Amino acid sequence: MDIDYSKELVQVEGNPPLAELDRVISLPLDQKPNKNFLIAISITSTMLLIGVICVGLTFYYGIGMWGNNQPVGWAFGIINFVFWVGIGHAGTLISAILFLLRQKWRTGIARFAEAMTIFAVICAGLFPIIHTGRPWLAGYLIPYPNDHGLWVNFNSPLVWDVFAVSTYFTVSLVFWYVGLIPDFATLRDRTTDKIKKTLYSIFSMGWRHSNRHWQHYEKAYMILAGLATPLVLSVHTVVSFDFATAVVPGWHTTIFPPYFVAGAIFSGFAMVVTCLVFLRKVFHIEHIITMNHLDNMNKIVLATSMMVGYGYSMELFMAWYSGNHFEQFVFLNRAFGPYAWAYWTMISCNVLIPQLFWIRKIRRSIPVMLFIVVFVNVGMWFERFVIIVTSLHRDFLPSSWRMYTPTLVDLGILLGSFGLFFTLILLFTRTLPVVSMAEVKAVIHGAQPSHDGSNHIQQIGGE
Amino acid sequence: MSDNKDMISKDDMKPDPDYWRSFEELYNDPAFIESSHHEFKEGVTDDFNPGNLSGLSRRKFLALVGASAALAAAGCTNYRDKGDIIPYVHKPEEITLGKPLSYASTCTGCSHACGILVKTREGRPIKIDGNPDNPVSKGKICTKGHADILSLYDPEKLSQPMKRGNGGGLDKTDWVRVDNEIIGILKSAGEKEIAIVTHKIISPTAKKVLDDFKAKYPSVKVYSYELFNEQNRLSTWQKSYGTPNYPLIKWNEAKVIISLESDFLGTEGNKVENTRLYSEGRNVDDLKNFNKLYVVEGNMSLTGMNSDVRIKLRPDAQFEFVMSLIDELRNNSVSSLKTFGSKYAIPPGKLNNLLKDIRENKGKVIVYAGRTLPENVHLAVNYLNELIGGTALYRTDFVEYSVLPLSNKEEIESLVSSMNRGKVAAVIHYDSNPVFHLPADNKYANALKNVPAVITLCLSENESSSVSQYVLPVNHGLESWGDAKIRNGFYSMQQPVIYPIHNSRQKEAILLTWISGKASSYNLDLYHNYMMDNWKNNIYPLLKSKLNFEQFWNGALHDGVVITGNIDLPNVSGQFNSSSFSGINKSSAVSGFVVALKESYSVGDGRYSNNGWLNELPHPVSKIVWDNYASISRKTSKELNVRTNDLIEITSGSRKLTIPVNIQPGCADNTITIELGFGRTNAGTISDGVGFNANILQSKDEGLSSWIITNVEVRKAGGSYPLAATQEFHAFDKGRTKDAAQKRNIIREGTVDEYKKNPDFLKAGSEEVENKSLYPPYDEIKKGVKWAMAVDLNKCLGCGECVISCYSENNIPVVGKEQAAKGRDMQWLRVDRYYSGDPEEPKVSQQLMLCQHCDHAPCENVCPVAATTHSPDGLNQMVYNRCVGTRYCSNNCPYKVRRFNYFNYRDHFNDGYQQSPVFNLIFNPEVTVRSRGVMEKCTFCVQRIMEAREDAIRDERPLKGSDVKTACQEACITTAIHFGDMNDPSSEINKFRNHKLGYYVLEDLNTRPNVTYIAKLRNTDKEDA
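Protein chains in written order, with my numbering: chain A, 6 to 468; chain B, 21 to 1045.
No lab work stands behind these hints: they were computed from the structure. Heads up, some of the hints might be wrong.
As the list claims (entries may be wrong) - Reference listing, derived: stretches of chain B covered by chain A, where coverage requires no fewer than 3 residues with Cβ under 8 Å from a Cβ of chain A:
(1) 129-138
(2) 902-915
Claimed, not checked - Below, a sample of chain B positions facing chain A; criterion: calculated Cβ distance under 7 Å:
(3) 744
(4) 748
(5) 841
(6) 842
(7) 852
(8) 878
(9) 881
(10) 922
(11) 953
Claimed, not checked - Footprint (simulated), chain B over chain A, 3 or more residues, beta carbon under 8 Å:
(12) 72-84
(13) 141-149
None of the values given here were measured: they were computed from a predicted structure. Each residue gets a CB set at the ideal place from its N, CA and C atoms; glycine is no exception.
Generate the whole structure from the sequences, applying the supplied hints.
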């Protein structure tokens, strides 16, 4: 391989003219949806409908419709919550942390990843409400002044969750919207449709692409990125506290916060890759979301996979090293007990299979990478299953040990959450530019001045 | 104004510059001045003439307005909506709203007639407890007694007399018509027999009713039966000693108890008394009198679980065992027991110790044979007790009394044959269910077809009522009058505590109506008056009481018992007739499979099968709920190639039964143990599809006894039937989970010798847990009361009385088999059972587990809405209204004692069975009825604590720990549960908390529980193991 590391990688292939970029990106917004789109959305909305029915059954009859029992008080509800919060981590990481680190390749994928974050957090945010026994009282979790003098219990990690997730959602949404403003302006300028023009005008907030706007915009974007960065770490840290602060063996572990964050980024990136593979193909933007992007993301998947693997092995090590027999039993029970299949699914999907990404060819092969990232998502779902269910089902008193089996309603709600997620994604691809037009223009060949002058914008015309 | 007037007189029309309101005034216009002298302007008052006004005074007007408003309001309300709370118009003298009243009565659940106290609130009974004045039960009752209150409110109790119509269905009718028809039938019976089939009669007055009935209708014959009875014991006693009065046992004085296939702590006989006396010998502070229990049995029973040494032996080999023991003791030979031991693979150490203990404890050792064993075993045991001095433990001052002996097999057979020959005019099922209970080969149900009138008196429909022409509802025990005599020395009194809920009648009153020959003679007090007359004329004079009868009678009802002194002590001493032993049939062939039929721990002989609480009470050994099953050993299961839940088919002669299997550790090989009382048909919603009717295996003449059937064939039937258990079936996991409870210090035990040598053995080697916490310690509750509980595991037998009492006290819902199988049972306290050691000869440990009310409760800090908090008196509280149901507390509870309402179980279970209007009456009004989505758990009966506190405040005295008794504590026969104020240095609980054998479960978690467990001591030595 002869890679010249002194040169930056090409972010947008083929040097398309700027107008062409606008046209390609906003094309889906200008066209009527085709048959494939309708098929796709009817599938996802059917899934969503199944989920809605199952949630309806749960609300009407009670949590008894699920497989939860004594001692497994938490199962699919919280697994799905943690899973979706995890998925929601990639977006902010890509848009905020990679932005602060000046990773130019993020521009092509940031918009989509952020949207994904928001949708995933919406999915996640529903579960804590759905999983309560009396969802109509979920408002009790919010501290509001009342004449009973009743407050939430600030010692409880579930209260911290409420704050963490809602803050994360708010900041992500604002960050996403701020990034969208220049693109709304571009769309406003392009469209001839009156309704669209009005809407875009409202949302673009009078953006005129002026120098001053850009200056403010860049500052604001930078500040928001700075605000969002700690959130990437805090949200899943707080989520992990739900487990880490409990006394249950297998939960009560100090490694949980970093290990959960790594896992979240891992699953988030895997989900981004899963979606982008289809997106770039369907919308013919392979030159904007290039193989280099996917390659980079696969590298992160590989890196986080090993962090997660380190977490798994460290848990085992600490169980042995601590000499705590409850802890030792839990980990032996995970690996060799009745739920060993779930544990080994998790290990193979999360640690073993992603090792294939060491090979460059595999990192750049669409079918193989798709296969791997789907497995990563499966594995990360199982990680939460293993943590939650296998720890609970055999904890301290052997008299209370019991197996957990999900019901159809459990599976329906899981399916429904995917339905909700993909329905939102599909609607998003039709209503908003999936790639940030403004940012991509800044990274095309010659958009920025360079030391040797070779990247100067003049050269584009010269070619 | 007067000033103005003066002004006019002084200077005419002079402007007043100082102050004016109008020009007229300013210029002192005389017209204005004039008008200003009148209060009203001219003309305004012209019309005012009081005489012209209507005659309506203001008072009257207001009265009318008020009245019409009231009328309008009254007219608009729907006064049919009477609401729920109606104050008494005439308040009964003794009732104070909100204060419970207790009435003494007698339990009618079985023939042991325990004394009960029925707690009533505003006229409805809500809880049954034991009557402390009763000399036998001494304030305690069994699970069935506690659960009897649920049967009172069973919505499926019959509400009307019914008659089978031409279409074959039962039609509702009325008492007058039914009475007239039946009186007609009885009168026209003539020579033909009128058979009354009843359970054991224990009431002297009821016996008199039957006698009167016989006098009126001479062809009447009374047959009484019990599915489980002591007939074998009684008949052999007659043979050995020449008297029918089998003596009771002084369990409390025994040093060594050898129980042969007898569940005397579980289902057999005087369970309540046996248990109490036995547990006196299990006091860790009185090691000198600590007893040692050997149990020789086929299947693991409750008694076997609590034994110090357990020898598993198939029931048909018991005779061989007793004979070789006799041989050994009589001849001092060492061979016969050894041969026996090796034949049945019994560890020689156990047998040697047994011999040693028998020889060393002469006069303090008793051998007790189970009631299901055949006569020859009982005869041999009678002799054995003579040999080893067991006779010293026979009780001669207190003897069982039989009002009416049970009918024997021959009598029942003769009834069936006369029925078949058409010689029976009528059969009256007197609150009995012979179609279900009598052995199948009696063909009783078939014979009933030849009887023109079959009359069933019953509480709710049953197998016998379904083949009857007349089905008449009888009163529940709590709606009835009665008396009972089960021992010498006292009578138990029964009084109704509620007006009959339905249009039912007391069964004795029904007979009295028929005796009178007039349907109109019935009134509510018919039997009441009859009983009073009987007492006044026949019993009261014997007692030579100093009180006049009315005082005596009221006192008797108040106390629930009449102590008579030994005016009726029968002769129990008899000389042992050695020929009874020498003459016994010594042949015993032991081969193939043997079936042992046992009484159910929960539903009794089937009478309680429609009782949800009892069905949901986990079996004390297997923890299986809502079903019976065939217990077999692991080896037998391998031979049959079945696993737990697989169906097997048992064939004995022409009788066949298909039943699921449960592999029971400690079960003897080739022994199949099945509990009876299940598999009811036509018994109600709850009992539908519960269990399998194994009564059909019983035969009137085959088998070693009615309950031990040999020569059966067993094969795998194919298919399976899921059994539901509250504890998982993973008792034998190898390696990681083996003996987990011991390894985790959940169960801590020792032996008596160990404790004698080193009283601190339990604490040795364990480190003191450091009391470090992020949160302020609750140990700071030093002032006032701090509640704590202690459970003495030496005394806890695992019977489940506490569980049922808790159901009743705390309004716990029944969830049903399907939910129990999912692990969603709602019991606030449970008895955990752990096996340890060799899976074939397991040691069993039990532990009552309930909310530990930890000082550092892990549940409290995880609840996001602060729905579970700590009270100043050390309770871990649950605020239902605040709970949103995140179940985080339950996950974080190391003891897993929290229970979540996954559904609204009252609605979810059997189409809202528990929401029917009658059922609702059972609820304890002091305890919130929880709905779905809410977490709940043991509250240490906080309602009782609050009541005691209110009383203390009213009486202006400090609250004492001994003022409160929790429902479980009250129910515990063996007094294993202690409760009180740990801050009171003189309290009993304080003694237990600082006991050398005291420990906390999961101490190293530093949860600081307020429930102390007193470690179990096993009276064993090394060789026993």
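Right, here's what the structure says about each hint:
1. 129-138: This one is violated; 0 residues, fewer than the three required, reach chain A with a Cβ under 8 Å.
2. 902-915: holds (count 12)
3. 744: Status violated, d = 11 Å.
4. 748: holds, 6 Å
5. 841: Hint on residue 841(B): violated, closest Cβ of chain A at ~9 Å, above 7 Å.
6. 842: holds, 5 Å
7. 852: holds, 4 Å
8. 878: With Cβ-Cβ at 5 Å, under 7 Å, it holds.
9. 881: holds, 4 Å
10. 922: holds, 3 Å
11. 953: This hint holds: residue 953(B) lies near chain A, its Cβ roughly 3 Å from the closest one there, short of 7 Å.
12. 72-84: holds (count 8)
13. 141-149: holds (count 4)
Taken one by one, the earlier hints fail for this structure at numbers 1, 3, 5, listed in ascending order.
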